[in-house]
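Just so you know, the protein sequences line up as chains A and B, in that order. Residue numbering for the first sequence follows the working numbering, starting at 1 and increasing by one per position. Residue numbering for the second sequence follows the working numbering, starting at 1 and increasing by one per position.
Wrong hints could be hidden among the right ones.
One copy or two, it doesn't matter: identical chains are merged, so the pair holds either way.
Stated by the list, open to error - Simulated crosslink set (DSS-like; lysine-lysine; CA at most 27 Å straight-line):
| no. | residue 1 | residue 2 |
| --- | --- | --- |
| 1 | Lys33 | Lys50 |
| 2 | Lys77 | Lys152 |
| 3 | Lys160 | Lys50 |
| 4 | Lys50 | Lys77 |
| 5 | Lys152 | Lys50 |
| 6 | Lys152 | Lys33 |
| 7 | Lys124 | Lys152 |
| 8 | Lys160 | Lys33 |
| 9 | Lys124 | Lys33 |
| 10 | Lys77 | Lys127 |
Calculated from the structure, these hints are not laboratory results.
Single-letter residue listing:
Protein chains: 2
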Amino acid sequence: MFSLEPNMTAPTDRTRLRRAHERGAYDADSLHKVLDATCMCTVAYVIDAKPYATPTLHWREGDHVYWHGSSASRMLKTCAGAEVCLTVSILDGFVMARSGFHHSVNYRAAMLFGQAFTVPDDEKEAKLDAFVNGLWPGRMEGLRPNNAQELKGTTVLGMKIGEASAKMRSGGPVDDDEDYALPIWAGVIPVEMRVLPPVPDERNLPGVEMPGHVRDFSI
Amino acid sequence: MFSLEPNMTAPTDRTRLRRAHERGAYDADSLHKVLDATCMCTVAYVIDAKPYATPTLHWREGDHVYWHGSSASRMLKTCAGAEVCLTVSILDGFVMARSGFHHSVNYRAAMLFGQAFTVPDDEKEAKLDAFVNGLWPGRMEGLRPNNAQELKGTTVLGMKIGEASAKMRSGGPVDDDEDYALPIWAGVIPVEMRVLPPVPDERNLPGVEMPGHVRDFSI
Chain A
1 MFSLEPNMTA PTDRTRLRRA HERGAYDADS LHKVLDATCM CTVAYVIDAK PYATPTLHWR
61 EGDHVYWHGS SASRMLKTCA GAEVCLTVSI LDGFVMARSG FHHSVNYRAA MLFGQAFTVP
121 DDEKEAKLDA FVNGLWPGRM EGLRPNNAQE LKGTTVLGMK IGEASAKMRS GGPVDDDEDY
181 ALPIWAGVIP VEMRVLPPVP DERNLPGVEM PGHVRDFSI
Chain B
1 MFSLEPNMTA PTDRTRLRRA HERGAYDADS LHKVLDATCM CTVAYVIDAK PYATPTLHWR
61 EGDHVYWHGS SASRMLKTCA GAEVCLTVSI LDGFVMARSG FHHSVNYRAA MLFGQAFTVP
121 DDEKEAKLDA FVNGLWPGRM EGLRPNNAQE LKGTTVLGMK IGEASAKMRS GGPVDDDEDY
181 ALPIWAGVIP VEMRVLPPVP DERNLPGVEM PGHVRDFSI
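The whole structure should be built from the sequences, with the hints applied where relevant.
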């Protein structure tokens with residue numbers, strides 16, 4: 001019932017496939033696609049033997065992922081140099097079967113395992129710029145530049161994409177053979193994230209028009 | 001820049017509020033609303049001192065949250081009786097400011113900390129039914145009933161909502177005073193999850209109509 005990720009929980013489980021419509025995808029391209037499909041992730045870490053998972057924003061450059069925040073953040077201070085697990089999950093639909101057990105969801109998910117590192121001060125600004133420009137091409141160039149205090153107050157962490165798994169499900173329900181004879185509505189309710197019309201700040205100066213990178217933004 | 005959750009990383013940080021538009025909400029009602037706004041969460045746990053965070057589906061009944069999966073799942077076997085962190089996050093929009101630093105996101109997020117317990121066998125089916133019927137009122141009653149093997153193969157874990165925090169941001173950008181004089185477009189790009197038209201399974205029997213709980217489904 002609503003099986004999600006049972007074989008993503010550990011490397012040792014990764015090769016087990018459960019269902020026709022499910023597949024584990026371990027090639028870099030599939031993994032990158034999932035990581036790039038959303039900017040929201042969860043970073044898990046350990047403090048005093050207890051698990052913490054903090055939602056944050058990530059971006060990818062090549063075979064690395066990055067995330068950032070206030071230099072005072074306990075999450076960032078804990079993760080620097082430590083083992084972390086960065087998880088991304090995207091819900092694509094509800095799969096409604098003829099039994100409760102075979103209900104499921106369509107989704108795309110990725111888990112990355114590794115040691116986080118602190119991006120050196122002299123590379124920090126370029127990484128942050130890449131994050132913003134990755135979402136909205138050219139935006140950084142039109143903004144008030146970062147100042148030293150802002151950069152000092154920001155920590156950027158990175159992780160090489162090494163030990164990782166991606167997993168996804170798509171398509172309709174898969175029921176027990178005999179259940180197809182039952183007069184039960186089965187199917188999929190797809191869901192998706194959509195972008196709504198941008199809302200200009202009421203303090204925008206007269207004549208300042210919405211830039212193309214806002215108008216054309218998609219996720 | 002894109003500050004998200006810096007004060008959600010640990011109980012000790014929870015009372016620090018960073019910004020006019022951000023607030024931590026620690027009352028049960030706010031927390032429940034965030035937990036109920038999506039069924040997708042991440043459960044973090046520790047194996048051999050390393051963090052894991054597995055995406056899964058959760059549901060809430062009163063002051064408890066539940067999640068489930070295959071009884072063979074390493075995640076579920078590890079979490080049973082152990083300390084876990086269940087995290088929910090919902091992206092509501094991109095907040096675009098006049099400097100990179102003040103870019104942010106609108107979001108709702110919750111982190112729950114506690115010890116997970118295994119729902120006893122004789123309560124398992126009622127919990128699973130509540131999960132399905134919580135999404136689609138009355139659906140379970142029209143399905144092929146669960147069989148003993150399916151129930152045996154399914155583990156349901158629960159956690160009392162105790163140590164927890166909810167945090168959210170809404171509204172427009174908050175820029176440095178002097179930056180409001182700059183001719184830069186600022187504003188919000190709202191995003192939302194939307195439900196698309198249901199797709200009936202091609203093997204539905206003739207005359208089986210889409211039930212109201214599918215037609216009226218919303219998230």
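* Hints violated by the structure (listed by number, smallest first) -> Of the numbered hints, 5, 6 do not hold.
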